[in-house]
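A.B. asks: Per full-length UniProt numbering: the sequence shown = residues 1 to 314.
Careful: at least some of the hints might be erroneous.
Each pair of labels, with its calculated beta carbon distance range [stated by the list, open to error]: (1) D48 / P74: 19 to 25 Å; (2) D76 / Q139: 27 to 33 Å; (3) L135 / I221: 18 to 24 Å; (4) A181 / G157: 22 to 28 Å.
Just so you know, the hints here were simulated from the structure itself, not pulled from any lab data.
The beta-carbon is built from N, C-alpha and C at its ideal position, and this holds for glycine as well.
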Amino acid sequence: MPYSATPRLGFVGAGRLARCVARAWSRAGYPVAAIASRSAGPARELADQLPGCIVADDPQRVAACSDIVFLTVPDDEIGAAANALQIVPSGSGARAVVHCSGATPVDVLAPVRAQGGDIGGFHPLYLFGGIDGDLTRIQGCSVTIEAPPPLAETLTGLARALGCHPLSIPPGGRMLYHAAAHYAASFALSALSETVSLWQQLGFSEDDALRAVLPMLAGTIETARDKGLAGALAGPVSRGDAGIVEKQLALLDGLGGDHALLYALMTRRAVELARRRPVPPSTGALATIERAVENVVAGRGAVPRPTLGSEAGE
Numbered sequence: 001m002p003y004s005a006t007p008r009l010g011f012v013g014a015g016r017l018a019r020c021v022a023r024a025w026s027r028a029g030y031p032v033a034a035i036a037s038r039s040a041g042p043a044r045e046l047a048d049q050l051p052g053c054i055v056a057d058d059p060q061r062v063a064a065c066s067d068i069v070f071l072t073v074p075d076d077e078i079g080a081a082a083n084a085l086q087i088v089p090s091g092s093g094a095r096a097v098v099h100c101s102g103a104t105p106v107d108v109l110a111p112v113r114a115q116g117g118d119i120g121g122f123h124p125l126y127l128f129g130g131i132d133g134d135l136t137r138i139q140g141c142s143v144t145i146e147a148p149p150p151l152a153e154t155l156t157g158l159a160r161a162l163g164c165h166p167l168s169i170p171p172g173g174r175m176l177y178h179a180a181a182h183y184a185a186s187f188a189l190s191a192l193s194e195t196v197s198l199w200q201q202l203g204f205s206e207d208d209a210l211r212a213v214l215p216m217l218a219g220t221i222e223t224a225r226d227k228g229l230a231g232a233l234a235g236p237v238s239r240g241d242a243g244i245v246e247k248q249l250a251l252l253d254g255l256g257g258d259h260a261l262l263y264a265l266m267t268r269r270a271v272e273l274a275r276r277r278p279v280p281p282s283t284g285a286l287a288t289i290e291r292a293v294e295n296v297v298a299g300r301g302a303v304p305r306p307t308l309g310s311e312a313g314e
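Can you make the complete structure from the sequences, with help from the hints?
C.D. replies: Okay, structure coming up:
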């Protein structure tokens, strides 16, 4: 049986994600019926911005008021929240429960399915800042959806109402998907942190370092959008400057910690991209770079504890 064109939505959890998508869906004409949270303050603050929305005393009341309940709670709490819900699909309450985690399997909602309800995953691929700007910045992002029909079609419509691009993910694929996404989010920040820690040895402040490299990062992203990953690659690997790579690896190795190892492992990936360029560097140059990388990796069988970065932050 298909869902309503504008199903009633409920939220368990009133954090950054809920504050963005609940408001966006309300503006798009979807009724947000109820919100429950461990802390009444955030739930009340959000509900006050949503016409007709109530603050529920517990998740079960959210289910009684909604067609679809979104669990926007930390991963470790999703299973307990699902277990606490009583779903009667033939009644006037919720027909579906959906979590918004990128990594947690949808099967954690199995207690809902056992009661005859639909279950699904709806993960916006976006770093929520908890600010009003999220409402516009989320537009153009992707949302990964895992659900059976007709819930999948309804979630697809909700993704489009956010201005997002819906993606389908196969069952069992969430952990790999989420692990890979870290490279474009948390690990991108980690790479920037490595830049800062190294430049601090030259007397740069963190503010000066970020002011210098963030425009370069933004330009790299724009170029990748226009030319693809291989086409956007710059730096010594893209030119086949093996001597520069060797000298930089030696310099970083002398600093101690895992700086040379991190640089070597990332250089491996850069070599793969360089081979895909329309005019790749010479085979000999890339082979020399690979040998330099493998020398560092082979000499670091165990990843050492970072030293430079931690000292710089003290």
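A.B. asks: Look at each hint and say if it fits the structure.
C.D. replies: Results for each hint:
Taking 19 to 25 Å as the suggested C-beta distance range, the pair D48 and P74 conforms, at roughly 24 Å. Between D76 and Q139 the C-beta distance comes to about 30 Å, which sits within the given range of 27 to 33 Å. Between L135 and I221 the CB atoms are about 22 Å apart, so this pair conforms to the stated range of 18 to 24 Å. With their beta carbons about 23 Å apart, A181 and G157 fall inside the hinted range of 22 to 28 Å.
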